[in-house]
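What the sequence shown shows, in UniProt numbering, is residues 1 to 72, in sequence order.
Quick caveat, the hints were computed from the structure, so don't treat them as lab data. In this text, a Cβ means the ideal position worked out from N, Cα and C, and glycines have one as well. Accuracy of the hints is not assured; some may be wrong.
To be verified - So the derived label-pair ranges between C-beta atoms look like this:
1) K3 x V58: 53 to 59 Å
2) P32 x A10: 29 to 35 Å
3) A10 x A49: 38 to 44 Å
4) G39 x Q68: 40 to 46 Å
5) Y51 x T20: 41 to 47 Å
6) R67 x V41: 50 to 56 Å
7) I31 x K71: 36 to 42 Å
8) S22 x V44: 22 to 28 Å
9) K61 x V41: 32 to 38 Å
10) Q62 x S22: 38 to 44 Å
11) P37 x M1: 29 to 35 Å
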Amino acid sequence: MFKPSRRMMAQPNEEHRAHTISQRLRTLRKIPPELIPIGFVVGVALSFAGYSLVRKFVVDKQMRLTRQNRKD
1 MFKPSRRMMA QPNEEHRAHT ISQRLRTLRK IPPELIPIGF VVGVALSFAG
51 YSLVRKFVVD KQMRLTRQNR KD
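Start from the sequences, fold in the hints, and give me the full structure.
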């Protein structure tokens, strides 16, 4: 009925434990080139969404960010 748990395997050693910036930049070559433009577009869209959200919170004086007339 019960199966014994699988034996834990040792984690494979990486080439280098502490990665420098140049080593991290080399890993970008592993990303397929056709994904870079869509990553750029998604990054710009997320940046614009964040800007719009923050601007809405700062500029709109009609928006209530806290409860008012709260009765305990």
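We went through each hint and held it up to the structure:
Separation of K3 from V58 is about 57 Å and conforms to the stated range, judged on CB atoms against 53 to 59 Å. About 30 Å separates the C-beta atoms of P32 and A10, a value consistent with the hinted range of 29 to 35 Å. At roughly 43 Å, the beta carbons of A10 and A49 sit within the given window of 38 to 44 Å. Roughly 42 Å separates the CB atoms of G39 and Q68, a value that falls within the hinted 40 to 46 Å.
About 32 Å separates the C-beta atoms of Y51 and T20, a value inconsistent with the hinted range of 41 to 47 Å. Between R67 and V41 the beta carbons are some 39 Å apart, a value that contradicts the proposed interval 50 to 56 Å. Distance hint check: the CB atoms of I31 and K71 are about 55 Å apart, inconsistent with the given range 36 to 42 Å. Distance hint check for S22 and V44: the Cβ-Cβ separation is about 26 Å, which falls inside the suggested range of 22 to 28 Å.
Evaluation of the 32 to 38 Å hint for K61 and V41 yields a pass: the beta carbon distance comes to about 33 Å. At roughly 51 Å, the beta carbons of Q62 and S22 sit outside the given window of 38 to 44 Å. Range check, P37 to M1: Cβ separation about 53 Å, and the 29 to 35 Å hint is violated.
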